[in-house]
Amino acid sequence: MMNVTIGQYFPGDSFLYRLDPRTKLILTLALIILVFISKTFTGFALVFLFVLWCAFSTKIGLKYMLKGLKPLFLIIALTFVLNLLLMKDGAELVHWGILRITEGGLRTAVFMAVRLILLVLTSQVLTLTTSPIALTDGLETLMRPLSRIGFPAHEISMMMSIALRFIPTLMEETEKIRRAQMARGADFESGNLLQRAKAMVPLLVPLFVSAFRRADELAMAMEARCYRGGEGRTKLKQLQFHRQDAVAAAAVVAMYAIMIALNALGVF
Amino acid sequence: MASVIEVRHLTHVYMPNSPFEAKALDDVSLTVNEGEFIGIIGHTGSGKSTLVSHLNALEKSEPGTVFVKGTDLGDKDTKLTDVRREVGLVFQYPEYQLFEETVEKDIAFGPTNLKLDEKEIKHRVRAAMELVGLDESLRDASPFNLSGGQKRRVAIAGVLAMNPSILILDEPAAGLDPAGRRGMLELIKGIHQSGVTVVMVSHSMDDVGKYCDRLYVLAHGKIALSGMPAEVFLHGAELQSMGLDVPECAKLAAALRARGFDVPEDAYRRADVAAAILKHFGKGGDAQ
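So the sequence lines, in the order shown, correspond to chains A and L. Residue numbers are given in my numbering: position 9 of the first sequence equals residue 9, and the series is strictly consecutive. Residue numbers are given in my numbering: position 130 of the second sequence equals residue 130, and the series is strictly consecutive.
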């Protein structure tokens, strides 16, 4: 339970780390859209290589990143198989009883699988190289124009950073309570679904009690430091675009140009 | 004396082969004999909590490293419920594990998990409440409405109700005021006198010095010192370099010894040191 590391910020220093969080957020979104507009294998290969190169440049270690894909393996495999078997389009490749695999089906299946992998990998590069604080800071700045139409940009980003901040704390707490109840003979692993759900009560009640207690304490601590929402609040770290942000943006724009060309040419 | 807990060359590494790898225990060996009151002392992060988790089989150990009453906890065939029935573990701030509607039901959680019959459970709950000094009238109260000290007593009663022959407490007095602290330690002393082997984890030298028969000092995952309190407290400088302290009276005794006064080396309790000082003056000492 303590070994959840997917997408957890990994302290380091490289080109991607130094980018402005806003740049990273926008470019990640752009790359994900790019993955979905690609219609050719060459296009996918291009994005794939680009994301892989980004991943390499973080110096985090690819093995560690691929570990994050593991929980999604089942979903990826399922979409692949469903697309492969259910899409009927183009020439028939295999005919085996009621199973028919067509060229179009194979293509869609591979495309979907690659898309999902790229989706996870790209967002992982973002969250691994951006601290939660920088991430929510960037989000708040990006959403600020919306606050004019009444969208609570500051409040949402504050809630997000608090939630992110407390995930590890609550996980640690869960583990502690789980052990304490196990020491009292609680059994979380065996029994049918109903029994297991019931076994969660001794875990969930103390967890909720402590979460509310923490929320209370946090609110008090924030008020003691005169927190009263985003109005007129200044920042210690002002976000600023640098040359490297322009370089990164240019790279992604170039990717778009190539992708559109590839789609138009209809390369394999 | 028969040993009830034996730890042999236990090493524990958290998240091995990852960037977050951390060695919590490094070649730790210790013995707890039946009926003893053992103190395990160490600074925050010295591996104390990991060690006690091993004693209750909450952490999986390698075969041949941890034995409780001769049973190898690393053995696949060892039934963990049997181990947990034998070894009661009270965690730090145990009051945060309370969850039931009434004190009685919460204390009954452990015995119910042992699948005892209702009469036996009722009997055990009453006995455990009495042992921790909770009034009968609190039986139907909600544990969430009690004071901090009372909550902790309920939590300890919840472990005692499983009738363990060995009780391990992780910082039982943490966060209590001086009176609550004294009360808690006296309570543990009472449990020990009722025939339970006690292992108490603490970072307070005064507490372990006052109550424990034998001490193990843990530093950076290793056993740095062990022995009777008097022996351990002779290593004042070493203890201080580990971020620990010696009891005030042991400090006084050491300072007097350094000045050439006749204070026996095993004097670290208040009464012993006071007796040595009185003896000195009774002789008609010349030091004023």
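Some clues are possibly wrong.
Examples of chain A residues toward chain L, derived with CB under 8 Å [stated by the list, open to error]:
| # | residue |
| --- | --- |
| 1 | N83 |
| 2 | M143 |
| 3 | P145 |
| 4 | R179 |
| 5 | R184 |
| 6 | A186 |
| 7 | L193 |
| 8 | A197 |
| 9 | P202 |
| 10 | V205 |
| 11 | P206 |
| 12 | A211 |
Subject to a maximum C-alpha distance of 25 Å in a straight line, what follows is the list of computed DSS-like cross-link-like pairs (lysine-lysine) [what the hints assert, rightly or not]:
| # | chain 1 | residue 1 | chain 2 | residue 2 |
| --- | --- | --- | --- | --- |
| 13 | L | K105 | A | K198 |
| 14 | L | K60 | A | K176 |
| 15 | L | K119 | A | K176 |
| 16 | A | K67 | L | K23 |
| 17 | L | K122 | A | K39 |
| 18 | L | K115 | A | K176 |
| 19 | L | K79 | A | K198 |
| 20 | L | K115 | A | K198 |
| 21 | L | K79 | A | K176 |
| 22 | L | K69 | L | K279 |
| 23 | A | K176 | L | K105 |
| 24 | L | K222 | A | K198 |
| 25 | L | K23 | A | K63 |
| 26 | L | K76 | L | K23 |
| 27 | L | K76 | A | K176 |
| 28 | A | K67 | L | K60 |
Chain L stretches covered by chain A per the calculated footprint, using a threshold of three residues with CB under 8 Å from any CB of chain A [as the list claims (entries may be wrong)]:
| # | stretch |
| --- | --- |
| 29 | 60-67 |
| 30 | 92-98 |
| 31 | 101-115 |
| 32 | 156-165 |
Honestly, the hints are just simulated from the structure, not real lab data. Keep in mind it's a predicted model, so treat the numbers as computed, not measured. Heads up, the beta-carbon is just placed ideally off N, CA and C, and yes, glycines get one too.
Query - Status of the A186(A) interface restraint (C-beta, 8 Å, chain L) - result: holds, 6 Å
Query raised in the report: Are P206(A) and chain L close enough, Cβ to Cβ, to be under 8 Å, as the hint says?
Result: Status holds, d = 5 Å.
**Report entry** Proposed proximity, K176(A) with K76(L) (alpha carbon, max 25 Å)
**Finding:** holds, 24 Å
Query raised in the report: Are the Cα positions of K79(L) and K176(A) separated by 25 Å at most?
Result: holds, 22 Å
Query raised in the report: Regarding the pair K67(A) and K23(L), is the alpha-carbon distance no greater than 25 Å?
Result: holds, 22 Å
Query raised in the report: Minimum Cβ distance from R184(A) to chain L below 8 Å?
Result: holds, 4 Å
Query - Within 8 Å of chain A (C-beta), three or more residues of the stretch 156-165 of chain L - result: This one holds; 3 residues, not fewer than the three required, reach chain A with a Cβ under 8 Å.
Query raised in the report: Are the Cα positions of K119(L) and K176(A) separated by 25 Å at most?
Result: violated, 31 Å
Query raised in the report: When the nearest CB of chain L is found for R179(A), is that gap smaller than 8 Å?
Result: Check passed: Cβ of R179(A) comes within 5 Å of chain L, closer than 8 Å.
Query raised in the report: Quick one, are K222(L) and K198(A) close enough, alpha carbons at most 25 Å?
Result: Violated, at roughly 40 Å.
Query raised in the report: Has the given pair, K69(L) with K279(L), been kept, meaning a C-alpha gap of at most 25 Å?
Result: violated, 45 Å
Query - Closest C-beta approach of M143(A) to chain L relative to 8 Å, hint status - result: violated, 33 Å
When the structure is compared with the earlier hints, violations turn up for hints 1, 2, 3, 7, 8, 12, 15, 17, 22, 24 and 29 and for no others.
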